[in-house]
Amino acid sequence: MDELEVLRVRDEVLQAMYWMHSEAISTMPTARELSRFLAVPEGVLTAYLDRFVTDDLLEHDGSSYWLSATGMDTGKRTFADEMADLTRPTHGECDDDCWCHDSPEAAAECLHERSSHAHSH
Amino acid sequence: MPIRTNPTPPQVLPKNFLRPCLLLLLREHPAHGYDLLERLRPLGFGRDDPGRLYRALRTLESDGLVRSVWEKSSSGPDRRMYELTRAGMETLHNSAQDLKETGEILDVFLSRYSEFVALDSGTRSPVKQRDS
Numbered sequence: 001m002d003e004l005e006v007l008r009v010r011d012e013v014l015q016a017m018y019w020m021h022s023e024a025i026s027t028m029p030t031a032r033e034l035s036r037f038l039a040v041p042e043g044v045l046t047a048y049l050d051r052f053v054t055d056d057l058l059e060h061d062g063s064s065y066w067l068s069a070t071g072m073d074t075g076k077r078t079f080a081d082e083m084a085d086l087t088r089p090t091h092g093e094c095d096d097d098c099w100c101h102d103s104p105e106a107a108a109e110c111l112h113e114r115s116s117h118a119h120s121h
Numbered sequence: 122m123p124i125r126t127n128p129t130p131p132q133v134l135p136k137n138f139l140r141p142c143l144l145l146l147l148r149e150h151p152a153h154g155y156d157l158l159e160r161l162r163p164l165g166f167g168r169d170d171p172g173r174l175y176r177a178l179r180t181l182e183s184d185g186l187v188r189s190v191w192e193k194s195s196s197g198p199d200r201r202m203y204e205l206t207r208a209g210m211e212t213l214h215n216s217a218q219d220l221k222e223t224g225e226i227l228d229v230f231l232s233r234y235s236e237f238v239a240l241d242s243g244t245r246s247p248v249k250q251r252d253s
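Those sequence lines, one after another, are chains A and B. Position 14, counted from 1, in the first sequence is what this note's numbering calls 14; the numbers after and before it change by one each time, with no gaps. With the second sequence counted from 1, adding 121 to any position gets you this note's numbering.
Just so you know, the hints here were simulated from the structure itself, not pulled from any lab data. Glycine residues also receive a C-beta, built at the ideal position from the N, C-alpha and C atoms. Wrong hints could be hidden among the right ones.
[To be verified] Have a look at the derived ranges for each label pair, beta carbon to beta carbon:
hint : chain 1 : residue 1 : chain 2 : residue 2 : range
1    : B       : Q218      : A       : W66       : 41 to 49 Å
2    : B       : V229      : A       : D50       : 32 to 40 Å
3    : A       : V40       : B       : M202      : 20 to 28 Å
4    : A       : D81       : B       : L240      : 49 to 57 Å
5    : B       : D241      : A       : R8        : 44 to 52 Å
6    : B       : V133      : A       : A47       : 33 to 41 Å
7    : B       : T223      : A       : A84       : 31 to 39 Å
8    : B       : E159      : A       : E5        : 30 to 38 Å
Here chain A stands alone, though its shape is the one from the complex (with noise of 0.2 Å):
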């Protein structure tokens, strides 16, 4: 497997398992109802599922696939991680004191400042 790839599918599964059980939608599904959800082909996805079970981030019983303690934390903090820089405020989202509504200088610095995440209100 390459690894880079395991990495990438980990978060996403270890991410819709978290959100799948923080919905109650379910805290146990099987390889089919986890690539139903993810819309990949299950056969794939079995083994990277199994691939995460060694590492002991989900648990399995032959069917069912639950997150272990630390496959709870990897997949709430990962999710929080990625969704970060896409959820922080835009330009234009600003408060409405904000200094960046003074001048379209200050508009063009606050757009920067936020680029690199050193602005906040």
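Knowing the structure of chain A, use the given hints to seat chain B on it.
Relative to chain A, chain B alone:
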């Protein structure tokens, strides 16, 4: 003559209709995934494919139309709370405008068809579909 009531959601919804529907629901108020799943039902979506909702929310968030944060829960795992961004609000407005125009075209179609046959809500014709 109609022979049965159709209990399932309509099979022909506008392409990518889920997207504006989610934006609309989040325009009404921020929500968790499960809440969205429930509130999508009157808009023609079943509850049998939560993965579709999950993937749509991820895409909307990647596109900057929605943002989400973990909300602490005292009785279970933290849940993701979704809300609309300003870009999402603008996209929703454009989608609503497009749907309005689509609706006007559909009204013309239905008006002309009703000159031949009156349609009742939730009924299907007994005529079998032809193989294409």
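So, going through the hints one by one against the coordinates:
1. The hinted range of 41 to 49 Å is satisfied by B/Q218 and A/W66, whose Cβ atoms lie roughly 45 Å apart.
2. Hint check: B/V229 to A/D50, Cβ distance near 56 Å, so the stated range 32 to 40 Å is violated.
3. At roughly 27 Å, the beta carbons of A/V40 and B/M202 sit within the given window of 20 to 28 Å.
4. For A/D81 and B/L240, the hinted distance range of 49 to 57 Å is satisfied, since their beta carbons lie about 51 Å from each other.
5. For the hinted restraint 44 to 52 Å between B/D241 and A/R8, the CB-CB distance of approximately 50 Å keeps it satisfied.
6. At about 38 Å, the CB distance of B/V133 to A/A47 agrees with the hint of 33 to 41 Å.
7. At roughly 37 Å, the beta-carbon separation of B/T223 and A/A84 lies within the given 31 to 39 Å, and the hint holds.
8. Between B/E159 and A/E5 the CB atoms are about 35 Å apart, so this pair conforms to the stated range of 30 to 38 Å.
Violated hint for the displayed structure: number 2, the only one.
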